[in-house]
Amino acid sequence: MSGTATASVNRPPGSPGSPNGSGAAASASLPPELARAARRRRLVPYLLLLAGVAWLLVFFVAPMVYQASTSVQTGSLEAGFKVTWHFATYWDALHAYWPQFVRSLAYSAIATVLCLAIGYPLAYTIAFRAGRWRNVVMMLVIAPFFTSFLIRTLAWETILADQGPVVSFLNHVHVLDVTSWLGVTSGDRVMATPLAVVCGLTYNFLPFMVLPLYTSLERVDGRLHEAAGDLYATPFTTFRKVTFPLSLPGVVAGTLLTFIPASGDYINAELLGSTNQKMVGSVIQSQFLRVLDYPTAAALSFILMAVILAIVTVYIRRAGTEELV
Amino acid sequence: MTTPRTTPGSTPDPAPGSAPGATPETVPAAASGTAPAPGTDSAAAPTPDAPPDAVLLGGLGKRYGSFTAVHPLDLAVPKGSFFALLGASGCGKTTTLRMIAGLEPPTSGSVRLGGKDVTALPAYKRPVNTVFQNYALFPHLDIFENVAFGLRRRGIKSVKKQVGEMLDLVQLGPLARRKPHQLSGGQQQRVAVARALINQPEVLLLDEPLGALDLKLRRQMQLELKRIQTEVGITFIHVTHDQEEAMTMADTVAVMNAGRVEQMGAPADLYENPASTFVANFLGTSNLIEAEVASVAGGVLHLTTAGGPLTLPAARCAVPAAVGGKVLAGVRPEKITLAHRDDEQRIPAGRNRVTGRIADSSFIGVSTQFVVDSPVGAALEVFVPNVDRDQRLVPGAEVVLHWNPEHTFGLDAAQDIDAGTDEEEAA
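Residue numbers (this note's numbering), protein chains in the order written: chain B, 2 to 326; chain R, -5 to 421.
Don't take each hint at face value.
Claimed, not checked - Each computed BS3-like pair below joins lysine-lysine, with the alpha-carbon atoms no more than 27 Å apart:
1. K242(B) to K119(R)
2. K151(R) to K242(B)
3. K220(R) to K155(R)
4. K173(R) to K242(B)
5. K242(B) to K154(R)
6. K242(B) to K320(R)
Claimed, not checked - Which bits of chain B does chain R cover? Going by a derived footprint, with three or more residues having C-beta under 8 Å, they are:
7. 243 to 251
8. 294 to 306
Since the hints were derived computationally from the structure, they do not count as laboratory data. The beta carbon of each residue, even a glycine, is placed where N, CA and C say it ideally should be.
So that you can see chain R by itself, here it is in the shape it has in the complex:
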């Protein structure tokens, strides 16, 4: 129920250069050609006339003694994007975020914000703001003063209008004089967002901001945050272990595993074309089938498996495949159609098919989830939408799984086939 508005608190200069760093030298001049020199940041150096990326990490890494928390990481986050760092706990995503915020000194590499190298600057001089996991609201200050904190530190005297607008944006106007402990978790979360956003940072960092909320509120806040980001147009970097959250909110997701970025891209692209077993298993669920390339013809790989032949478009195979080479053929559970064995004749020709027996089924409302044991692997998962429920599909029934070969993706077989599955359950 908010009225559309422009950038909150638009009294100060809303140009990209309005970095809130108190000292002049932290304010990047957008037009002064401070784009990073080509070569130093070869991974993602922008062309000279393009606006500098909001965040540019060059070989940023963190080691604790012999333990590498974050392997040297090159990353460019375009201005105005909603970027998610997704990974299980302990994968280095929060450490990366804290290095961008200046709360953790990196052991290698550099951080550039809006084209300006801030690696050596302490947190309080960086034009970034963070929404902390536990919100870290100041318990002795009321909501108004919490939100005004950043403005006051920058010596802005008349904060009333800006704070009022910001509290309206997060729909907390009437609670301005409450103390944080008098607010619900969802309200505290919005105060934390408001307190950070009011400073119009170059980048807003969100460290698992929805982790403490219950599921329903979390869904609501996901949409809320997405709405706020669209309204204010500030670059968001969001750290989360919840793949659904990352896919719902972000326009670019970087999947991190063991201190490295495994894969980065738009959510749909990551989901449809995972490049590793970790991504395939961590983002949603995948059925991975061990296979061998029998022949290559016309852009299609013909595979042999323990349960019969499969075909796979060569373009969707993440590894170069030669005849005789091993690959993992993957398919998402919702792409599969489940047919009773008696109906096998009615399956159109040219589809990938695997036979098996239903081991388990669970009805979850919109769909029924089947677990099927088959010669190609135990516990294949199939999600069947509840349109016309076939009463014969009960545990023990002999079935045929079939899907469009276009929906098959290929992965390097030299990986742990179960990578990412445990973490998925933990999340």
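Looking at chain B on its own, in the form it has when it is part of the complex:
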């Protein structure tokens, strides 16, 4: 018993040791001054959490409560809003704006899939093939963050401009005929179409996909590739059976980091789309800032949050990340 006690006393102060269990059992038989020291040490983890908890209370819990109460208020800007437990606002909001909900989820799902398709090979190359260029390429991935989200999106307005070289080229090789037939562009325009919005979303959220993918791929031991090859796995099978399963935590993190903000985004839809490409983020924004219908805006926000939460929960269950190392 004294052995355990000595060991726990020797632990460096401030280390967030187990706040219960063996430490508590050992402290019972300790002399008073050591028991006090043990109690102090048990408090340390909570002290370290203090700042974060305070932040969450002020900037997350309080606004949530406030928004929740707003969503069940009725009234007008002139007469003031009162809590009347008017839950019908939720139903009305969903009824009026379900197309925007569906569109938001569809656009962000497509953008997420595109991000994965572009980001995985990129992250794989950086992790395993870039050698000494690794940091340079990583830098290039992050470089767009040095300028504002808005500017980057506006740049796409130029890229996809009606008379611009990209659209002229796509028109020339009849790609736009195909995309128009698919309904993602209209005529010889790319701007103000679903394609433009999805392009913007994909571009803007790509780094959020690449970074976690890279982190998880970089942790995959290259010697496992050799071991798989030694056990008759072709390079493709090695990827399928070893590399990809081991990178799944990165895939899950990357898709969540892309899908969640993309489904609430409105900048891309506002700048690159038309009224036909409005996402739910745009609706919430205009309800809050232009229509000034706060209850509807708050209700829409909560619906969006609930939907995303449900999707994410199902997704994580299915991906089974807790099974992965």
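We have chain B; now place chain R onto it with these hints.
Frame of chain B; chain R shown alone:
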């Protein structure tokens, strides 16, 4: 506690031709006369009717720019043998192993496995399997799936019986559904062996497989591996820097130094008849005494040294010795008897003897190790078994070292007398 069994997973054809290479052309037909053409592999080409060697390296070499990791190497490993590549780190032994496995492309020469040239084949088409130094177990798969990995890649559907048998062979049956990180180092090591062996490779390559284990477990696993090898009869090539490990397990040891094989042979033969100072010092310990040949008579060399005459059987001298030529006379510490100076008269005639003074002694249980300073050289080592301990043999005592002249070996004096000693300590 295993029951004796035949080749594990004996459902598939256990003939030598059952090389696990998925493609038919990697399967050598044992009887189709694919023995290497004489001349190309002159170093070790088998006679036409002998079975082909499991591994035949012809001038296999590896250079990195101007650095030669492995000098062109000819090597034949007979089927069913337990072969050890022994050397200090950086001597090229692991590179050689990786070239056999196909994980490293050679810059010269060829690799033949079971008579079939595989030099151009990628690792996944070669009928070899490797036990990696860090085991390289797949962390996302359980033990069963780790062991089944090779079978599944070859399209074998019903693996349950074979994997079960293999896990029994390495005594891990009950842990089949654990993940690698839930196992101890010794257990992981056995999974790595099982994962490789289940494929019944032409050759099993072991890259310092016991390096990460503590001493006691290492001893246990040495015997375990030896037992498994005897049971399955597969050719093992074992890379290690631990000379004791190599001698315990292997029936043939090749000592590598600076990208070359210094000497190759049975462990006892290497130990008793080292051909170079490196081998003499790297395998165990040797006392090397600088000497000059005074006369040659009746198969015996009479030597003069700074501390008196010694005799050496001419047959045990690794270099042709002429009168006046320099040689190094060597003797192993345990062959030497230590007598107090007062007892010098009782030493039988005809023994090699050297006088000196004990500089240090350490009691290590089964024996006492003495360091003796003498005119022939400082720090001669003597291991005296603790049968009757002579209380007079303490540091400072004047002593006589004597041994049977038959136990003396001769080496070329034109070598670094200390070659291999540092590495020995590092290991």
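Broken hints, by number: Checked against the structure, the hints that fail are numbers 6 and 8, while the rest are satisfied.
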